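Residues 1 to 277, numbered by full-length UniProt numbering, are exactly what the sequence shown covers, in order.
What the hints contain is simulated information worked out from the structure, not anything from laboratory work.
None of these values were measured; they are calculated from a predicted model.
Computed spacing ranges between beta-carbons, pair by pair:
| id | residue 1 | residue 2 | range |
| --- | --- | --- | --- |
| 1 | 231 | 127 | 26 to 34 Å |
| 2 | 104 | 11 | 23 to 31 Å |
| 3 | 134 | 2 | 26 to 34 Å |
| 4 | 239 | 23 | 37 to 45 Å |
List time: in silico DSSO-like cross-link candidates among lysine-lysine, alpha-carbon distance up to 30 Å:
| id | residue 1 | residue 2 |
| --- | --- | --- |
| 5 | 108 | 129 |
| 6 | 99 | 136 |
| 7 | 237 | 255 |
| 8 | 175 | 157 |
| 9 | 157 | 108 |
| 10 | 129 | 157 |
| 11 | 181 | 164 |
| 12 | 138 | 99 |
| 13 | 157 | 237 |
| 14 | 157 | 138 |
| 15 | 164 | 138 |
| 16 | 142 | 108 |
| 17 | 164 | 142 |
| 18 | 251 | 273 |
| 19 | 38 | 99 |
| 20 | 164 | 204 |
| 21 | 273 | 237 |
| 22 | 190 | 157 |
| 23 | 83 | 3 |
| 24 | 204 | 181 |
| 25 | 99 | 134 |
| 26 | 273 | 255 |
| 27 | 142 | 129 |
| 28 | 251 | 237 |
| 29 | 99 | 3 |
| 30 | 181 | 129 |
| 31 | 175 | 136 |
| 32 | 134 | 157 |
| 33 | 136 | 157 |
| 34 | 255 | 238 |
| 35 | 83 | 38 |
| 36 | 238 | 175 |
We put the CB at the ideal spot given by N, CA and C, even for glycine.
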Amino acid sequence: MEKQFSDLPESRQQQLMAFDRLLTIMDELREQCPWDRKQTMDSLRHLTIEETYELSDAILNNDLPEIQKELGDVLLHIVFYAKIGSEQAEGRTYNFDIKDVLHGICDKLVARHPHIYGDFVADTEEAVKQNWEKLKLKEGNKSVLSGVPASLPALVKAMRIQEKARGVGFDWDEKQQVWAKVEEELHEFKENFNIESADIIDHKEAEGEFGDLLFSLVNYSRFVDINPETALERTNKKFINRFQYLEEASKADGKSLSDMTLEEMDIYWNRAKEMGV
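Sequences are here, hints too, so could you generate the full structure?
Right under this line is the structure:
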């Protein structure tokens, strides 16, 4: 039996009314605004990617007001795609609207959580993940890895590949085994790289070994509960902050980076570290 709007708690009514307001504004913009009328799914795609990265930045900065703002931008894009999907267009054989999108994800969540909505027993996070991958295969996925988008950044893709393989039991048992693999890959990489002269003996081979080393490090990160993408991005931000301090502080002292030695730069760099920059 479907719930009546009036029977819902006031907080849920307010949420639904806010969503209705967004849908109404989207309808009006699509009809009246020249820019919004012109947009297609293809034209919105790169903007959606940009908005997703802006949300990611806000999350890394733990900036809750900014997270709220960026979530609104991402939600707008979802509503925009659904609006375009509902429109009749020449040559289109399939249409959908926001209702279909919402029911689709609801149906999938119910089907993927039989331990909540069925009689399947899953008492641990690992059991839930493993059953999730098994259900996806039953739904028609030809491979456990077919759900990993080809366009994902390589570091994120490596982690998702490993997580999905783990979901069907293809993984190491202990983190010590994984670290041994890291050391093995590091040794193989060094064999293809002349440490003394820094000349690559076989560029293609060394590149392959370096990729193996990175992949094994990503693998180890999972076992110590570190997200490699987040870790690297935090290091990127730390480097940027320290380097910008180096630029500003040396300029304030009347120095130019192009005229400074590495040892002189290190003085400012170490000062930034001591200041917690």
